[in-house]
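Read off the chains here:
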Amino acid sequence: DTAVSQTPKYLVTQMGNDKSIKCEQNLGHDTMYWYKQDSKKFLKIMFSYNNKELIINETVPNRFSPKSPDKAHLNLHINSLELGDSAVYFCASSQGRGSLSEQFFGPGTRLTVL
Amino acid sequence: AQKVTQAQTEISVVEKEDVTLDCVYETRDTTYYLFWYKQPPSGELVFLIRRNSFDEQNEISGRYSWNFQKSTSSFNFTITASQVVDSAVYFCALRGSFGETSGSRLTFGEGTQLTVNP
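Those sequence lines, one after another, are chains A and B. The numbers in our numbering rise by one with no breaks, and the one at position 35 of the first sequence is 35. The numbers in our numbering rise by one with no breaks, and the one at position 107 of the second sequence is 221.
If you're looking for bench data, these hints aren't it; they were derived computationally from the structure. It is possible that part of the hints are untrue.
Keeping only pairs whose Cα atoms sit at most 20 angstroms apart, straight-line, the calculated SDA-like set for lysine to any residue is [unchecked claim]: (1) A:K44 with A:E82; (2) A:K44 with B:Q120; (3) A:K19 with A:H73; (4) A:K44 with B:A115; (5) A:K40 with B:E224; (6) A:K41 with B:V138; (7) A:K41 with B:A202.
Here the structure is a predicted model, which is why all the values come from computation and not from measurement.
Kindly generate the complete structure, drawing on both the sequences and the hints.
What follows is the structure, encoded as structure tokens:
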């Protein structure tokens, strides 16, 4: 059983398009995250939701909009895609926002903007 | 502000050698948590270990061991008798506890690419 799943795994699109990445976790966790890993492998947090409430919103262009319909899902919508958006996007989840529990990561979505 | 530094960008060893991956962190929090993750060529992030700031005991898990030294703000990771399957990017990460918002985010180091050659 997949704990944190993301769809799609690969996404290739043209500049200017709008696309969404979906994330679902079946761990019963109440906190979910989006991270971006750039071409140099650097991982940085973008957003975090706790019980559907946005609690972390890093300096990310407002073309990126997370949406959490329920505790088990956190989707990432990106408008007007740019070349620099090409990266691997990881979703993660944990139980509690300040607790000791580790974050479990999804398999990642490799986004390529042409 | 939190910061994690992994000074070794790439390490290459021959199978069966021991290898240590360095991690140095900065935080103002008195309570914090340190992690190591492995990212194999397949791309997923695999959790390896969590350590809280009150527990300075070293930990061993099979061929893996971790040395946490609060005095030097380091949390180093050693692989004994390395194997080709250990080839991956290894990330050290820090999560603070000051304020709930800060407590959630993981601050990652830049990663160390380990290549184990046969």
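Inset, instruction - List, from low to high, the hint numbers that the structure doesn't satisfy. - result: none
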